[in-house]
Amino acid sequence: MHQTMPVRLGPAEETLIAQLESVGASAEADRMTVAGLPTRRVESYHYTDLKTLLKTVPPLAKVANEASAPALRVAGAYQLMIANGVVQAASTAPAGVIVGKAAGGVLTSRDDVLVHLNGALAKESLTLTLESSVDPVIQIDRRIEGEAAHAADAVKIFVADNGSAVILETFSGSDAAHVGNHATYLAVGKNAVVTHITVDLSSKATNHFASNEYSLAEGAKLRTVTIHAGAGLSRSQVFARFTGEGAHGDFTGLNLVEDGQHNDITIDIRHGVAHTTSQEMYKQIARGRSKAVFQGKIVVERDAQKVDAKMMMQGLMLSDEAEILSKPELEIYADDVVCGHGSTCGELDEDSMFYLMSRGIPKAEAETMLVRGFIEEVLDPIEDEALNEALTGIVDGWLQGK
Amino acid sequence: MTTPILEIRNLHARIEDREILKGVNLIIPPGEVHAVMGRNGSGKSTLSYVLAGKEDYEITEGEVLLDGENLLEMDPAERAAAGLFLAFQYPIEIPGVATMTFLKAAMNAQRKARGEAEMSTPDFMRAVKSAGTELNVDTDMLKRPLNVGFSGGEKKRAEVLQMALLQPKMCILDETDSGLDIDALQVVSKGVNPLRAANRSMLVITHYQRLLNHIVPDVVHVFSDGRIVESGDKDLALQLEAKGYADFDGAAA
Chain A
1 MHQTMPVRLG PAEETLIAQL ESVGASAEAD RMTVAGLPTR RVESYHYTDL KTLLKTVPPL
61 AKVANEASAP ALRVAGAYQL MIANGVVQAA STAPAGVIVG KAAGGVLTSR DDVLVHLNGA
121 LAKESLTLTL ESSVDPVIQI DRRIEGEAAH AADAVKIFVA DNGSAVILET FSGSDAAHVG
181 NHATYLAVGK NAVVTHITVD LSSKATNHFA SNEYSLAEGA KLRTVTIHAG AGLSRSQVFA
241 RFTGEGAHGD FTGLNLVEDG QHNDITIDIR HGVAHTTSQE MYKQIARGRS KAVFQGKIVV
301 ERDAQKVDAK MMMQGLMLSD EAEILSKPEL EIYADDVVCG HGSTCGELDE DSMFYLMSRG
361 IPKAEAETML VRGFIEEVLD PIEDEALNEA LTGIVDGWLQ GK
Chain B
403 MTTPILEIRN LHARIEDREI LKGVNLIIPP GEVHAVMGRN GSGKSTLSYV LAGKEDYEIT
463 EGEVLLDGEN LLEMDPAERA AAGLFLAFQY PIEIPGVATM TFLKAAMNAQ RKARGEAEMS
523 TPDFMRAVKS AGTELNVDTD MLKRPLNVGF SGGEKKRAEV LQMALLQPKM CILDETDSGL
583 DIDALQVVSK GVNPLRAANR SMLVITHYQR LLNHIVPDVV HVFSDGRIVE SGDKDLALQL
643 EAKGYADFDG AAA
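Top to bottom, those sequences are chains A and B.
Sequential numbering of the first sequence, starting at 1, is according to the working numbering.
Sequential numbering of the second sequence, starting at 403, is according to the working numbering.
So that you can see chain A by itself, here it is in the shape it has in the complex (with noise of 0.2 Å):
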């Protein structure tokens, strides 16, 4: 007979529970006293033990009455913005965006206490629906501002059959140990073109959690973007599902790690139908006494026949201290494919270093050259020119050690 092992509950655990209650939430506050938050033992917190990792959790979030500069300004983006998990009144709307809020959680159900806790404290979504070729980027800007505070918010987003649209997500706040708890579903109509960037630029204070959901149909097209330049301890988790042949995704990222930090980019990307292409792309840049994880997961579905993925981790250590973590996985039930996945790390490279040396560059600056030309793969691909500056200025500023 299988025995439920009691679970010894922490105060971030306690916190949680209380939480959950006094929102009504009582399964999931169940489900907390009885599991607690995911050890080592749990295969996909492996890396990222959120007992040991979470100490404390601050008071529910309360409406926000201040808030501090935008975290990243993009010349021309269309502004939106959810502060303390309260949807933001919006500006007029460019041509084809339609903007609504929603009650409630935006996120399938899966198995993650993430994904859980999400669902049962995310009062309101902003919803967006875009029905055509959108112009300006469309900024999501998500905050925690005032005294730390535990925060869930959620967007959902639409694109229509044959749209296109470039989608900036910046989390940011005060200088406060937060826990942000944010989650996106978004749905990418047939023939769609979407790029969706999100940049946690939130203080080392802050504990940083976002789950991306995303559905791809019949031919459409989209770049997922996940960059981590913020937060002490942080997990962003991209679950991406195929659900027409002809779709293809690109999932990459920028694991930017320094000392003191803990951060995982966690993907689970399902080919469930024939014919769709995926390739993944991770970059961790790790300094300091710091971990950077990297799990990716690829499943190919039994019927999905002629899927080809690629997926490759490539970390770059520039500590003796740092530790950079890459456990790549592919199920693949369908015997006609083509996947693929590769995962490296190391230093930079002395004989390129001495050679930009060589010819009059100061080492601060060669390191930039050969860091910037490691990460270009990622970026390169972002046409929008200001958005592909303002990006390129949150690595520099990482560089520089802002």
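Some hints here could point you the wrong way.
[To be verified] Result set (DSBU-like, lysine-lysine): computed pairs, CA atoms no more than 35 Å apart in a straight line:
id, chain 1, residue 1, chain 2, residue 2
1, B, Lys424, A, Lys123
2, A, Lys62, A, Lys51
3, A, Lys363, B, Lys571
4, B, Lys456, A, Lys221
5, A, Lys327, A, Lys306
6, A, Lys363, B, Lys531
7, B, Lys506, A, Lys363
8, B, Lys571, B, Lys424
9, B, Lys645, A, Lys363
10, A, Lys327, A, Lys221
11, B, Lys545, A, Lys310
12, A, Lys363, B, Lys514
13, B, Lys424, A, Lys363
14, B, Lys645, B, Lys592
15, B, Lys531, B, Lys592
Think of the hints as simulated: they come from the structure by calculation, not from any bench.
Add chain B to chain A, keeping to what the hints say.
Below, chain B without anything else, positioned relative to chain A:
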């Protein structure tokens, strides 16, 4: 007396426990082109790396002055700003860094180190274009990542282009002829020869005399077992070609 551009005194260098340079003495006055010839493994390339400041080598004795300044106290970037240039035998491929971006960064870094103003983009483009024409380097090549996918000849031409742009006092050409066919060798030499000037010296490292027909040296040195064993005029190179190195270093060829 004019200060030599390069003055090497009793230079000893080792890599781990192995001594490779065993007392090099060399003086190159302004405007002169000196050739260093020697068999493989004699330490010629080590000399070029040590002068440029590669970290792998430990200098155990001696000193090197560049135009009177102590070279060994500078890091590689400072040496470059002080006027030293090494044309690599095997230029390094650097993916993700566009050649043009690199050239501009190098030029401006050196100007900044010397307290000069940065070059404007139009001035820079003009300089690159005029230097490139001489060497058959078109702008398409400069848009590509640095040395990535360049042929052997393209890499060497790109090295000489950098030399022309950076206008160093002291050029070291490390086996610039290796991997080049006759035509490519002529193009490269045509790029190098106009750079000969009264205030610029060159050290041409090679183990074939062939290159020296194109870049004619004022002085030829024979390098063997980590030091210079013989010096003479350009005819010394011809003698070497005819007799081999054995006559000069006592070892069987």
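Hint check:
1. B/Lys424 - A/Lys123: With Cα atoms ~77 Å apart, B/Lys424 and A/Lys123 exceed 35 Å; violated.
2. A/Lys62 - A/Lys51: holds (25 Å)
3. A/Lys363 - B/Lys571: holds (22 Å)
4. B/Lys456 - A/Lys221: Given that 35 Å is the threshold and the Cα spacing comes to 47 Å, the pair is violated.
5. A/Lys327 - A/Lys306: holds (24 Å)
6. A/Lys363 - B/Lys531: holds (28 Å)
7. B/Lys506 - A/Lys363: holds (16 Å)
8. B/Lys571 - B/Lys424: holds (26 Å)
9. B/Lys645 - A/Lys363: Between B/Lys645 and A/Lys363 the Cα gap is close to 45 Å, so the pair fails against 35 Å, i.e. violated.
10. A/Lys327 - A/Lys221: holds (26 Å)
11. B/Lys545 - A/Lys310: Distance of about 28 Å is within 35 Å: holds.
12. A/Lys363 - B/Lys514: Answer holds: A/Lys363 to B/Lys514 is near 14 Å, not above 35 Å.
13. B/Lys424 - A/Lys363: holds (30 Å)
14. B/Lys645 - B/Lys592: At roughly 29 Å apart (the allowed maximum being 35 Å), B/Lys592 and B/Lys645 satisfy the hint.
15. B/Lys531 - B/Lys592: The given pair, whose Cα atoms are some 16 Å apart, holds under the 35 Å limit.
Checked against the numbered hints above, the structure violates hints 1, 4, 9; every other hint is satisfied.
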